[in-house]
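There are 2 protein chains.
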Amino acid sequence: MPLILKPGSRMVVATHNPGKARELAEILENRFDLVTAGQLGLPEPEETETTFEGNALLKARAAAQASGLVALADDSGLSVSALGGAPGIFSARWAGETKDFSLAMTRIEKEVAATGVADRSAWFTCALAVAWPDGPAIVVEGRLTGVLTFPPRGDRGFGYDPIFIPDGEIETFGEMEPTRKDAMSHRALAFAQLRAAIL
Amino acid sequence: MPLILKPGSRMVVATHNPGKARELAEILENRFDLVTAGQLGLPEPEETETTFEGNALLKARAAAQASGLVALADDSGLSVSALGGAPGIFSARWAGETKDFSLAMTRIEKEVAATGVADRSAWFTCALAVAWPDGPAIVVEGRLTGVLTFPPRGDRGFGYDPIFIPDGEIETFGEMEPTRKDAMSHRALAFAQLRAAIL
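If you read the protein sequences in the order shown, they are chains A and B.
Under our numbering, the first sequence has 146 at position 145, and the numbering climbs by one with no breaks.
Under our numbering, the second sequence has 174 at position 173, and the numbering climbs by one with no breaks.
Keep in mind the hints are simulated off the structure, nothing from the lab.
The model shown is predicted, which means the values in this text are computed figures rather than measured ones.
It is possible that some hints are incorrect.
[Stated by the list, open to error] In silico contact screen, one side only, chain A against chain B (beta carbon under 8 Å); selected entries:
{"id": "1", "residue": "17"}
{"id": "2", "residue": "34"}
{"id": "3", "residue": "137"}
[To be verified] Where chain A lies over chain B, by a calculated footprint (3+ residues, C-beta under 8 Å):
{"id": "4", "region": "55 to 64"}
{"id": "5", "region": "74 to 83"}
{"id": "6", "region": "125 to 139"}
Here a beta-carbon is modelled for each residue, glycine too, at the ideal position from N, C-alpha and C.
If we strip away everything but chain A, and leave its shape as in the complex, we get (with noise of 0.2 Å):
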């Protein structure tokens, strides 16, 4: 018996973040009767792992155990190679409680110029699990690169967008539609290994 996802389950979708929410619906494309961990009120766990597919499956884990449904988990951040692939796991972390992105933008900005490295290269990782409760989890994992360009560009998309264009585009994913945005992201590569695997 492969695992598979049947269309029209119902499944949790462990973040607290509302831009992922929508682009995981927006990914997802209504095919399954999604609901989140903040409308649940399940507890965000604490994030202690040292990898992108280790705090997705962490997170995915505490909430099939938490809801008893089948839970969707993301862990994604931007590494920049001046910068040795931070903030990279934290990079969340990295906009503070506040969650203020134009701070965490303009750390990266003042870092990268004090390394005097003149490479703007950076890629996005998306980690994404699927936990099935007391029973087997999936992770797949998907990467884009692209350039950085300062000062922030663009107001859709969400954390690290304004900032980052991907290689061969001229816009960032700030500034991107976000359907364009959505075939081509490290999130939509994630999310293709998945549907291969189990959709």
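Start from chain A and add chain B according to the hints.
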């Protein structure tokens, strides 16, 4: 295209522990063309995660990436109720660089005695991860509860087996026939889930 492992596929077993490699081969019943990470000369990654599943995933990912093969990894350990779940993910590390489990079992005996707690319950956890190179990974976890006994009994199995009596049994895993242990162990429970999902 659901995730399926075809019989006879070549698979790298990401363990440098001969006891685990033997048990995994027994449980897999020669269903795959197994090679160990040790035989391929792959490096042993540092186990930086905070959960069994996270560490199993990390090891499977590292072996799949280094070898280009589907990789299977195990992370397992003993959790002692009186010690608040310790040694848990640190089970192997308590045995030190020389992997001396008689030392580790003595440490458990002393630390449990020092708590003054009468509870001798404990549980074994086994997390298994299968990772496809540049593809998805699947993670499962099996748990088996039991009681501790001191001094250690039996020279079968490995690790903490000589001090662990599964609930409902009278022999320790160190005394038990290997086929009997393989039918009930935390590792067998994890494999049953893996088998149901992808084999």
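Evaluated hints:
no.	hint	verdict
1	17	violated, 20 Å
2	34	violated, 22 Å
3	137	holds, 5 Å
4	55 to 64	holds (count 4)
5	74 to 83	violated (count 0)
6	125 to 139	holds (count 4)
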